[in-house]
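Asker: The whole structure should be built from the sequences, with the hints applied where relevant.
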Amino acid sequence: MRIGVFHETYASEESLLDSQTQRAVFAVFLAAFLALPLYGSDYVLAMVCIVGIHLIAVIGLNIITGNTGLISLSQAAFMGVGCYSVAWAARWGIPFYFALPLAGALTALVGVLVGLPSLRVKGLYLAIATLAAQFILSFCFREWESVTGGVGGIRIPRAYLFGIELSGDRRLFYLIFSCVFLLGLLACNLSRTYVGRAFVAVRDRDISAEILGVNLLRAKLLAFAMGSFYAGVAGGLLGYFYGAVTPTYFDFGLSVFYLAAIIVGGLGSVLGSVLGAAFMTLVPEVLRVATDLARPWFPGLAGLLLPMGQVVFGVLIIGFLIFEPHGLAEIWARVRRAFVLWPAKT
Amino acid sequence: MLNCAVPQSCVGSGAIRIRVRTFQVLPEPKTIMQVARPGSQKVPPAQTPRPGSSIVADDIHLTFGGLSVLRGVSFSAPGGEISAFIGPNGAGKTSLFNTISGFYQPSTGRIRLDGEDITRLPAHARAGKGVARTFQNIALFRGLSVLDNIKLGGHHLMRADTISALLSAPWARREELALREELERRVIDFLEIDHIRHRPIESLSYGLQKRVELARALAMRPRVLLLDEPVAGMNREETEDMARFILDLHDEWAITILLIEHDMGLVMDLSSHVVVLSFGEVIARGSPAEVRSNPEVIRAYLGD
Amino acid sequence: MSEFIEFSLLGLFSGGVYALIALGFVLIYKCTRVINFAIGEVMMLGAYFYYTANVIFGVSPLEAVVLALISISIFSLIFEYLVLRPLSGQPVVSVLMATIGLASIIHGMVEATWGSDTVNVPRPFPSMRLIFGDVLVPGSVVTNFAAAVVLIGLFSVFFRYSKTGVTLRATASDPVTAATLGIDIRYAQRLSWVLAGIVGTIAGVLISTASGLSPLLSAGALSVFAVIILGGLDSVLGAIVAALAVGWMESIVVGYVGGKARDVVPYLTVLGILMIRPYGLFGTRQIERL
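Protein chains in written order, with numbering that gives the first Met the number 0: chain F, 0 to 345; chain V, 0 to 303; chain U, 0 to 289.
Hints were generated in silico from the structure; no laboratory data involved.
Quantities reported herein were computed from a predicted structural model and do not represent experimental measurements.
Take the hints with a grain of salt, since some may be wrong.
To be verified - Chain V is faced by these chain F residues, among others (derived, beta-carbon under 10 Å):
#, residue
1, T8
2, E12
3, L16
4, N66
5, G183
6, L185
7, N188
8, R191
9, A197
10, E209
11, I210
12, V213
Ideal Cβ placement from N, Cα and C applies to all residues, glycine included.
Answerer: And the structure:
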């Protein structure tokens, strides 16, 4: 259907949306999406907000693991750091537009510390270091009661914009998705910059990258910093959204969830993160709806929801690893490629 | 697909290829920052290649555990010339290149680039000094397109700070586009790879991949270029193309080339200085004709 | 002082069980280079098979152990065939994630089938208490340690002297060469998974007899990662030494600092080790070729 796109300058060739049609479609989609709070139901809105929060964390993880090849099992703990930071910042009266970046920066610092072992080790050993960091941070969340409120959790005061309280999903929707668009744009832009290229080089062949002039340690730490910044912001938004959190929100299971999201969605691309986050968040919901629908015939099913969810989760991960290792993003790309020549087949 | 950036002429138009051989050194290109921000004094200019950087190795010893890989290796590659390193397999040629690149640290010995001692410099800093190389087994980045791979060669030349680059601030963007323009003009057209710029690495033939790797090394604006078996595994046509490119490099770029090669014809035709290694030691050095008739060399290759 | 001895002994003895779990992990890594994140879940599943055979079907404890071992072996074979075979050759991340997926599946299945309450399981072996002066080591701990020692001893002998053992070691260090020498590496890899399952099951049964059986059993395996890293991923001896060390350290910390610290000690250890000696006490250093 699309014949081709012709560019007359290098700049236009490197732009993110490269044709009028793409720009138009994106604009329409954006308009419809931003109007969602006006016509969407409460349930849909809540789901979309949660997906948005997860999406930011997933994009961050994709930068660390998908782009730079550093397996990180501590993204959930980073979210926790961001959330507790925002809780304290909000208590001190700092408005959200400072609190969120501040939380992100603090989390980035923690991320760099966690990434320091990449000075000595890589691959699997680094993964286990992040695993250790996840458990140590979870432990801190549970035990450091003066700061985190311990097992009982902590409350996060509402965000305010020009005196208007940002409560309720409809208002938080705009807060969350402004962050999503800003941070998502930043991540898309990564591939056009030397920073993004260096990340992929570190992933593919770090020895060659070094000889080409890439400072490996700096690149790896920068990846950790960026990815954990995203997690920190996501954690802060989570705090504003729920109003109160406990340490169980940021446990190892969530880290595994995010890792699954980037595998299912597709490593290294923002589109992959979007598809992965949406898919993984919606699957438990679909299961829940299905068990509700099946209640007349299988009444006992509802009690099995949690373990069934775990089984489905595991099957999904393994299924995608075997059959579609490049994830949903690859499936989407294939569909698009098929449409390039449609209705012809070859 | 035609892609001519205004205002330069369409050298790489792909229809009729006319190879213009010039026999003078091209005018020094402006640094990327000078193109991006003319008249800017804020950032010091990046290294520009000087004609004929000499590289000297002085008594290099390299051991792994108990295994002695290089023993007292010394050589002096004349600036601006092509020097070949030959020897039987396992002689230590690639290890020598790895030492020059900074991947291995010699236990004793010095490496001097234009008189400057770079032995203790970490690997990623040597790029800034102008040391570039290609690899025996192709070391391209599979996750990047050909163009991105080549742009990575220009990594050490980028002066924009990280934050500006991430946010694509105007000057960072200009630097990026200036890099692109320079690469298209100097490297991509030179090596005739404009038609595969956006292809993924896996889809390229072996010969083209080696050419892309050479392009990536050239993007570093090197003073010294180390080519590790550039024509290994190539058929006759590809070998001739690569030889032509190496000769063009020698003629048109002010660059010192070090070559590891087994193809004797190529060594004799291209190089002006040959160093022969065997079991980690230099057993002969000199012009190709001298080395060819050296009895030590013959013995090393053919055995006693 | 006797307090210190008591804590130390307890720690060393419980380290024995860690050694058993670590052994299972090292087995798989040595033979297939696969990092198995599901050791805890496999352990738990084996224990539940034992529970089913013994408590639900009334089979005698020893026979129940045998049945559990057989079931786990079948399960391991199925997993190896369905999942690991298609994934061979994929990067480390993929297989690691596949074992995480497996862990999730097993956990869900166990909870769905047997519920999440804690149940008691009888010991398959008689218990013996040990008394050193004032120090009492509980019978369960001693039994577990003794069983662990016996098993590790058996495995060490097996690896060194039996033909199959040598085959497994050969496949582990260089699968390609092993294949050219006529060794069936598929068989060797399958065998290593089965053996790991067996070892894990025994460990699971031993632990559950001491502290009850519930789906939380799998969480105990996470501290084994500290053991494995400390000992070096591919060293059996390292796993044993490290297990004893970690068991001892945990016991000392719990004894003097308090129970909560138990959770975090292994992980602090891991981070420390990774910075100082990344390949563990006995692991082989990985060298990359350019």
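Asker: Run every hint past the structure and note whether it holds.
Answerer: Going through the hints against the structure:
Using the Cβ-Cβ criterion of 10 Å, the hint placing F:T8 at the interface with chain V is satisfied: the shortest such distance is roughly 6 Å. Because the closest C-beta pair between F:E12 and chain V is about 7 Å apart, less than 10 Å, the hint holds. Hint status for F:L16: violated, given a least beta-carbon distance of 14 Å to chain V, over 10 Å. For F:N66, the suggested interface contact is upheld, since its CB lies about 8 Å from the closest CB of chain V, less than 10 Å.
Of the supplied interface hints, the one on F:G183 is violated, with its beta-carbon coming no nearer than about 13 Å to a beta-carbon of chain V, more than 10 Å. This hint holds: F:L185 has a C-beta 6 Å from the nearest C-beta of chain V, less than the 10 Å allowed. Hint status for F:N188 relative to chain V: holds, with the closest Cβ pair at about 5 Å, below 10 Å. For F:R191, the shortest C-beta to C-beta distance to chain V is roughly 7 Å, which falls under 10 Å, so the interface hint holds.
At a threshold of 10 Å, the smallest CB-CB gap from F:A197 to chain V is about 6 Å, leaving the interface hint in force. Of the supplied interface hints, the one on F:E209 holds, with its beta-carbon coming within about 5 Å of a beta-carbon of chain V, less than 10 Å. Because the smallest distance between the Cβ of F:I210 and any Cβ of chain V comes to about 5 Å, under 10 Å, the interface hint for this residue holds. Hint on F:V213 holds. Least Cβ distance to chain V is approximately 6 Å, under the 10 Å limit.
Consistency note: the structure conflicts with the earlier hints numbered 3 and 5.
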